[in-house]
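Enquirer: Chains as they are written, first to last, in this note's numbering: chain A, 14 to 338; chain B, 14 to 338.
It is possible that part of the hints are untrue.
Taking beta-carbon pairs under 7 Å as the criterion, some of the chain B residues facing chain A (in silico) [stated by the list, open to error]:
hint	residue
1	D151
2	A153
3	L157
4	S159
5	A165
6	R234
7	N238
8	F241
9	E245
10	I246
11	G249
12	P289
13	I293
If you are wondering where the hints come from, they were derived from the structure by calculation, not from laboratory data.
Here a beta-carbon is modelled for each residue, glycine too, at the ideal position from N, C-alpha and C.
2 protein chains.
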Amino acid sequence: MNVLVIGAAGMIGRKFCEMLVKNPAIGGRAVRQLAMADVFEPPALAAAPFEVRTVACDLAQPDVAESLVADRPDLIYHLAAIVSGEAEADFDKGYRVNLAGTHRLFEAVRRAGYRPRIVFASSIAVFGVPFPDTIGEDYAVGPLTSYGTQKAIGELLLADFSRRGFFDGIALRLPTICVRPGKPNKAASGFFSSIIREPLKGEEAVLPVTEDIRHWFASPRSAVNFLFHAGEINTGQLGARRSLNLPGVSATVREMIASLERVAGPNCVKLIRREPDQQIQRIVEGWPQRLDTSRAQALGFQAETSFEQIIQAHIEDEGVRAEGA
Amino acid sequence: MNVLVIGAAGMIGRKFCEMLVKNPAIGGRAVRQLAMADVFEPPALAAAPFEVRTVACDLAQPDVAESLVADRPDLIYHLAAIVSGEAEADFDKGYRVNLAGTHRLFEAVRRAGYRPRIVFASSIAVFGVPFPDTIGEDYAVGPLTSYGTQKAIGELLLADFSRRGFFDGIALRLPTICVRPGKPNKAASGFFSSIIREPLKGEEAVLPVTEDIRHWFASPRSAVNFLFHAGEINTGQLGARRSLNLPGVSATVREMIASLERVAGPNCVKLIRREPDQQIQRIVEGWPQRLDTSRAQALGFQAETSFEQIIQAHIEDEGVRAEGA
């Protein structure tokens, strides 16, 4: 099987490709070829048991999508996106990459005249307040960011192109991925990871919101599992609704901190410094808190069931030596 | 006030412009100038008390949107669309006009750097089965046609551009408009109008579906009223949700026929010939039957409350002399 990953230099894309080296089959079909595409040349993969090609390209440019699908990949992962904060700051760039780029990819596949599976990374950012305590499977999307708007449009295009038989699409509404490895970033959601990641290293982290904030999380490990599973399942079970709310853990910041204390001890959580930021508080208050994911669960998608498991996954997968424990 | 109507040669666009001649003010502001744009040169307006300009143009072509907004219309009605059947038959044309054309218009307004109101004609075709008996205000869109997909995307763009302050948008999810004047057309929904319109003229009409089919209707007169009202209301009341389910009448075909009999007598309804068409039956079974429109009603949008009123509006507005009565 020939696999194309667009956005392969991103955190999830890279982890997915690395896991593919360890488990070089999807749905029982051996991977023979992997193309890793991103705006920046993706890092090489060590010891892959299949042919690997890396491509630096901008999906929003003419003919790029066509060249990416020229060798007819059987399975396409479209993970590339301008993230929320940047799509808000640079309106044109967000629409160019997240909307036009996605549309160009779908059109290129249609014109290539074959029918691969396309797994599209969408986001719970398609939802916006007001919503009920638990967002039901039939709840209206109502994005409050350009990023969420672009993801919601991508979902609509994917469903229509799939309905017409141009490809076999599935859109995954990913929870906020936590704990993200690496450095703190400037995303409004960044603190969710840093209040766990930094204290585990014995470093201070800033908490800009109140502890009653509740949100929806899954680990990077779960995100990679979602991608594998989405490549494997029988999409006939999806019907016309090709977007799935994915399982996760609903946790308040207070519960996150309590979990960290149970895992790494009381000194660790003392490294979390409260520094309220009204702007971040306001943004985060508009985010989903809990989703009904019964459809995805019935299809076999699984995530962590407690925030402690999310912390453990981070410790195991990143080889963290918890300093405070 | 300077008004631009895109899609002014269509049935609703034409009726709206004609009504503007009779009532040349919207929200208390006198209309000074009206630009009527469509792919075909819109017909001239008799005795308009304001300056009228007609433009034949294709919104999906480069620079057309820019030239349409060059004189900064205060109020823009975007009614132009490739209809459902054609957007299904010609995939490229539907996306070019309904998606790219709409996006180009929104972008042109943004780049013009002023903030008009844009009233966008959306449709209940953004919804698709499965849905509950009554589609709630928070129910997920799930279009089952390319047309419905393109309208749903237009709504998302309109909401995001409005949120960013580039214009003041409102999207109207129009019911199926019935009774459409004129000749029978090949739209799957065409029979809803023809089983009323043709018998009223003493002509035979074909009913391709079972009488238990239920759907959601408003008259052309109500559609025109919706457009006026959408140009007038305080959009601050909409919040982030810029799309409105509009009021209408939920009626079965059986109820429609009974209404026709009450209005025009038993001989009239004998002109309806049953000729089942499985394909049309299947399409129509996937359409909305009833919507919760409490938001639009609270904002003052009104439609007929019985199917008899819809028939009466047709008789009055089209000068029909009911033959069978």
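Enquirer: Hint by hint, note whether the structure agrees.
Expert: Structure-based check of each hint:
1. D151: holds (5 Å)
2. A153: Holds. Min distance 5 Å.
3. L157: holds (6 Å)
4. S159: holds (6 Å)
5. A165: holds (5 Å)
6. R234: With Cβ-Cβ at 29 Å, over 7 Å, it is violated.
7. N238: Hint on N238/B: violated, closest Cβ of chain A at ~26 Å, above 7 Å.
8. F241: violated (27 Å)
9. E245: Where the cut-off is 7 Å and the nearest Cβ of chain A is about 24 Å from E245/B, the hint is violated.
10. I246: violated (20 Å)
11. G249: Where the cut-off is 7 Å and the nearest Cβ of chain A is about 16 Å from G249/B, the hint is violated.
12. P289: With a minimum Cβ separation of about 25 Å from chain A (threshold 7 Å), the hint on P289/B is violated.
13. I293: violated (19 Å)
Hint compliance for this structure: hints 6, 7, 8, 9, 10, 11, 12 and 13 are not met, and every other hint is.
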